[in-house]
Structures are given as structure tokens and as C-alpha cells.
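There are 2 protein chains.
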Amino acid sequence: MVYHRFSKDLPFTEAEYTRRLDKTRTAMDRAGIEVLFVTDPSNMAWLTGYDGWSFYVHQGVIVLPDADPVWWGRNQDSNGAVRTVWMGDDRVIGYADNYVQSTERHPMEDLASRLVGMGLEKARIGVEMDNYYFSAKAYATLARELPDSTLIDATALVNWQRAIKSDEELVFMRRAAKISEKIIDGLVERVEPGVAKNEVVAEVYRDALTGADGHWGDYAAIVPLLPSGSDAAAPHLTWDGRPFNQGEATFFEISGCYRRYHVPFCRTIFLGEPSDIFRRAEAALVEGLEAGLEAARAGNRACDIANALAAPLESAGIERGARCGYPIGLSYPPDWGERTISLRSEDETVLEPGMTFHFMPGLWMSDWGLEITESILIKEDGPAETFCHRPRKMFVKE
Amino acid sequence: MVYHRFSKDLPFTEAEYTRRLDKTRTAMDRAGIEVLFVTDPSNMAWLTGYDGWSFYVHQGVIVLPDADPVWWGRNQDSNGAVRTVWMGDDRVIGYADNYVQSTERHPMEDLASRLVGMGLEKARIGVEMDNYYFSAKAYATLARELPDSTLIDATALVNWQRAIKSDEELVFMRRAAKISEKIIDGLVERVEPGVAKNEVVAEVYRDALTGADGHWGDYAAIVPLLPSGSDAAAPHLTWDGRPFNQGEATFFEISGCYRRYHVPFCRTIFLGEPSDIFRRAEAALVEGLEAGLEAARAGNRACDIANALAAPLESAGIERGARCGYPIGLSYPPDWGERTISLRSEDETVLEPGMTFHFMPGLWMSDWGLEITESILIKEDGPAETFCHRPRKMFVKE
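Protein sequence lines, in the order shown, are assigned to chains A and B. Reading the first sequence from the start, the letters are residues 1 to 398 in full-length UniProt numbering. Reading the second sequence from the start, the letters are residues 1 to 398 in full-length UniProt numbering.
Careful, some of the hints might be misleading.
Since the list gives no way to pick out one identical chain from another, each pair is judged satisfied if it fits inside one copy or across any two copies.
Derived pair list, reagent style DMTMM-like, types lysine to aspartate or glutamate, alpha-carbon separation capped at 20 Å [to be verified]:
no., residue 1, residue 2
1, Lys8, Asp367
2, Lys379, Asp240
3, Lys8, Asp97
4, Lys182, Asp240
5, Lys8, Glu248
6, Lys393, Glu290
7, Lys122, Glu248
8, Lys397, Glu346
9, Lys393, Glu34
10, Lys182, Glu199
FYI, nobody ran anything at the bench for these hints, they're computed from the structure.
Model the full assembly from the supplied sequences, consistent with the hints where possible.
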């Protein structure tokens, strides 16, 4: 029996915990990895349930082939771990606070000594080399402290196990989708010439956090993005105190979030009479989206979606230089994508039922922009299902 | 003359831009660094003005000894860079989109070729080894692509230049402080037994984003933290849909934010009649805060604040294992600290006028927690000034 000092509101069932761990161990075995050190907070949460804003210090989950995972992090955060993880309290270990942001010692020295204590000093250890939360210094320190080990690049190893969503995960995503719809409805209602952007974003947060259908709302891994006019050429600008203006388009890139699961959704609002350029771009984009949804079928490839989208855009003389989507699900800042598949012409990953994507063909031209997007679910048969159900168009408010 | 295609709302004056760059170049010179590659988004913004939620892909600023910095990032984000940075448009360069999250190529291959193009293939290049946004893979790729260069650890080199705030920065921080006060006032008014946490957080965001004194509000680098009762033992739990309960304390860790500048502020609200344990802890903590503020003087050291705090806590039998503060200012997720000085017994950094800290002696015991904190400014003379002006106590609502 595992010992839990606290009652917990775990985000998934025991069957799901076992399934996730089994899948991960199989992938580790295939990659020749004996022990996996997981630093991506999304992977940590997906494997163990751990939830907390502590990823600004070094932490991780140690996945072993034959025993429950170990949560490892800052001492004070072990209090959050024993309250949120599947494992027993004895599978939570903390390091002393004076390792935090010190120039004299590094948390990876503590991790190394823990691994040595587990008899893993000569192990083949998987580490997530290309992740926000595994720094160059973390790698260099671990390599120095464990000279007899072999460090293996396990970037996205766990992320790939997350690609096909379980029914439990889809329940959470459908709740997030309801929130996304609510946010867009609120924007279409409230955005008017003269209204300040920050005031509108305050309402976006209210809609996001009060939730929908009786379910509360979590914070999204990316803040609302809403550039207007010429600034809409830039996909990642946030807001300020300036007003929306007559004659300008603004795209809104938002996501509802339920227990860390996201369903991003983007719509553009034009205040006034759109120019022909916008109307033609809208028509081509909607045609491309519909062609992409048709191509988004089990057995087809990621690139088939991208190529289907590209044809009507090219006919309209619009060249997109960027990928048009990415997998979505559980996420922590700074990204709500899963960082595995990319919807682009060079990605030949075969689509499988249960995969979920943000089909995101944003148009960012030199001095204008337009976003109309759909989050989608690959079905057993037929074209993709969209998570949200709102008119697939540019909203025009005269 | 530098060429700017767009009018810009830059967050600091030209004099300030020059001052920051000069300080950084002096520090580079002292560290034997010829070219500095800055990946920390806070450092990028402080040096150039760059602002956007694009730090989930590889990007950075190249600081040179004798020419304006170069912004380097994903092609689509160069549209945001030309709209937000001090430098001319010719100092903004982008890499192709198929470098993003690819297993075939890495953005650092593009960066390396740019540096070679600048004649820097044999340079001593500073990189921020221990930063969220410079991954182990980024380091390994850059080292492989530039075999004749010398990569030097420049972790926190720019962060240290940010420690003493200019008058312009203090103006922004005082605006953030007004927002922090407004958020805490709203919490004291709204938190009641039976009110759901997510509903209260929605109001926190409204207060934060609508701003104060006629200035708009930006997103904080950390979301509101508000654990209750036993969960308050864990410093970094976020919220869910459960209600506040009679007989429980909840601490609220929040920060107002104005144009990326933060002034964190924490207060605890007890619903009902606090036990003697809470009353004694509150008294000791307030005494410790006041002793710490007295010790927070130019010429004293960081550890003097920590030691002044510790004495009354120890008398009350409370042992804190953690540091009690960190520098604050401009920040991006996942942290609103500057990651240089730590207020703890082993840090002997001498305090200087203009330094700003979150004096943060959170108490996280095994099954309860209490936070009463102050963000402070070190003055020319006398004890520290607090940015916020609210009763330094646990708020009790019977």
C-alpha cells in the first residue's frame, strides 16, 4: 500500500496512470534508456498529476523501469507534490533551498547524488535536451557529476506518448472548448471602436476563469494575443491600453483551459467595412480550412492537411511561410503546443484517431494579419471534428 | 540614421538605451566576452525593448562591442521585433519556419551561420547557460557548429546590470504597486466562505488588467497563487473551483504589472477566528519584517535582512528553510524574480540605493502557511521604502 498523508483530487484514474507509465516505459526501452529524467512540466503532470507553478526552479520526475516514479524538486515544493501526485509520499524528495539560484552549487548536483544513491551512476539516462526547463547548465552539471553514466537525448519522448488522447483527456478538452467558445462570443459582443484593449482582456480572463457548463477555468499557457491593424502582421504581440479603431482588423488568439487542457481558438473581428484584400483572404482561408478538415483523416499524413490548405491560398496569391498547426492538450507556459508533429509539407506523420491539433493557418503579412482557426480531433472515420462550433469567418462589425 | 518602418511606443528613452548597453558592454569586457547572446526574454526586453510572447521558440539578442544589437528569432516574429525594438529594421533577422521544433535542423544552426557571417567564428561568445530559454540542445548545437569559438558562461551577466533601477524604471514600478494594492483591496473585500476560488481569481485579473491611476495593466510573470488551509503549506499551488471555507487561512501571492515591471505583494486572509498558532506566527512575522526593513539599508548586505528577519521567528520557534527574498523589476514568465541576489544568510552582496526586492518571508509549515510580504526600494539613507502601503498584518474576517 502506498502512503498518502493528504486526500487528493487527482486529475486522472489509476488505469490512466498505469497506461501512461506503461507507454512511457515501452518508449524508454525502445530508446535504450534505463532511467528517464522528465523536466517538461506538462510531461511531469501527465505522468504523475503534479501541478504547481514551481517550474521556475529546477525540478523533474525520475521514471524508473520497475518502481513508481520519483518527484524531485525544491524542498518547499515537495509540499505541493505530496498533495498532487499519484505516487506515495515516499516517492517525493526535495533539495535544500540554498541550491536555488546559487553560484556555488547547482540543483543537478543534488539530483546526481540521488541517482547515485539509487545505484544509477552508470545508467543510460534520458534527458529532455531541447526543453525550456532543462538548461545548458543543468546538462553540463549532470554530465560532470555522473561521469560514468550515458546521457541520452530524450527530447519529446514523453510528448509523443501524449499525441493520442484518452477518453478522460477528451472530456477535459471538451470542457476547455466550451470556455473557448464563451471567450470568442464575449469578444464579438464587446469589441468596439474606442474600447481599450486591456479592458477587453480583463473580460477575456473573466470568461476564461469563471468557466462554462458548471466547470471552473484554469489559466492558459499563453496569454491572449490581440494585435490590430498593421500590428496584426506580428503573431505574438500582447495588449496595451490603446483602443480598438474603426477600419481595423484585430485577431484574437485565445484558449479556454480546464485542468491544464487547452483548446485554442482564433477569430478576427473587423470594425467597419473590410477592404477587398481582407475579403479575398477570408474566402481563401475559409476554403483552405475546409479543405484541411477534409484531409484531416486517420491514415492521412500531417502534410496532407498543410497541402490541402495551401492550394486555395496559393490561388489567391497568398504565400504562408509558416507551419499551419501543432498538437494540443495538457500544457504549461510558455507554450500550449505539444512540440512533436508540425502541420507542414515536410512532416509525414500518419494521423491516428484521437490525435488533437490546433489547425492554425494564421496569415501574417507585412502590414496586416488574419486568423481564423479550428482545434480538431482526428476521428476513426471521416474528416476531423472541430472542438468549437462558431461561424468560420471574419466577424464584421459595421 | 537608423531606418524604422513603423512608429513605436518604446518603453524607455534613448539615454536609457545607451546606459543599459554601455553597462552591459563594460561587464562583457570584464568577463572577456566579445559577443553576448542574450536569450532571457527579460534581458532582451531590458536591452532592446523587444516585447512579445514568442519566447517559446529559440530567439535572442546578439550584443556586439561596437555596433547596435541584433534581434534574431523566428521569421514571423521579426514582424513584432521591428515594431518594438530600439534598433533599426536592418538589425532584425529571422530564421525560416521549418527550423521550429524540427528533428532535422535546429535554430542554433542558423544562428551559428549568422555569427560566422559577422566574422565571429573564432569569438569568445557569452551564453546564458542557466536560463529557461537556452536549452541543453541549443548549447550543444552552437558548440558543434562553432568549433573554433569559445562559449563562456554568461548566466545572469545582464541580470546583474538590472539590479539598480533607473528613475524611469521606478516610475513603472510605482504604477505596478498601485495595481498590487488594488488587487489586495479587492481580495480583502471579496473573499468569503462559500465563494469559489476561480471566481475570485477572475476579479484579480480584472483588477490587474484594468490597471490603476489611469495606467493599463499588463500580465504578471506568475499567475495568482492562493492555497488555503493545509494546502497553504505548499507555496506554488494555483486555484480550482472549490470555495473558501470558514476557519481557514488563505495566502494570496499576486503582483501588479505595468509594461512588464512587477511589484509582488502578499497578504493572508483568515476567515473566522485564528488559532493561537496563527496569532503567534503573525506577530513574529510582522516583527521580523519590520526588523528586516530596518536592516535593508544601503551599505548593509543582503544577509543582514535575512538575519534580522530570522531572530524574532526563531524566538517564536519558527524555522524557515528558505531564502526570504529576491530582486524584482522587468520580467517574463515563468519567474518575476531577477535571479541574482538572494536574501539569505550566505549572500553578502552589498545593498545599493535603487535596488528593489520582494522581501518575501513566506511561512510554509507542514500543514499551514502564512504570507505577509513587502516589495521594497533601497534608499540613499535610512531604511527601505515599501512600494505598497497596506496594513502589515493577517486580515481576519469573522
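Do the hints match the structure? See the list:
1. With identical chains, the CA atoms of Lys8 and Asp367 are at most 20 Å apart between copies only, with a shortest distance of 14 Å across copies and 50 Å within one.
2. In this assembly of identical chains, the alpha carbons of Lys379 and Asp240 never lie at most 20 Å apart, being 40 Å within a copy and 31 Å across copies at closest.
3. Taking the shortest alpha-carbon separations for Lys8 and Asp97, neither the intra-copy value of 26 Å nor the inter-copy value of 43 Å comes in at or below 20 Å.
4. For the identical chains of this complex, Lys182 and Asp240 are inter-copy neighbours only, at 19 Å across copies versus 23 Å inside a copy, given an alpha-carbon limit of 20 Å.
5. Taking the shortest Cα distances, Lys8 and Glu248 sit within 20 Å of each other only across copies (18 Å), while inside one copy they are farther apart (49 Å).
6. In this homomeric assembly, Lys393 and Glu290 come within 20 Å of each other (Cα to Cα) only inside a single copy, at 12 Å, whereas the closest approach across copies is 58 Å.
7. When the C-alpha separation of Lys122 and Glu248 is checked against a cutoff of 20 Å, the pair qualifies neither within a copy, at 61 Å, nor between copies, at 48 Å.
8. Taking the shortest Cα distances, Lys397 and Glu346 never come within 20 Å of each other, neither inside one copy (39 Å) nor across copies (61 Å).
9. Taking the shortest Cα distances, Lys393 and Glu34 never come within 20 Å of each other, neither inside one copy (50 Å) nor across copies (51 Å).
10. Taking identical chains as interchangeable, the C-alpha atoms of Lys182 and Glu199 lie at most 20 Å apart whether they share a chain (17 Å) or sit on different chains (16 Å).
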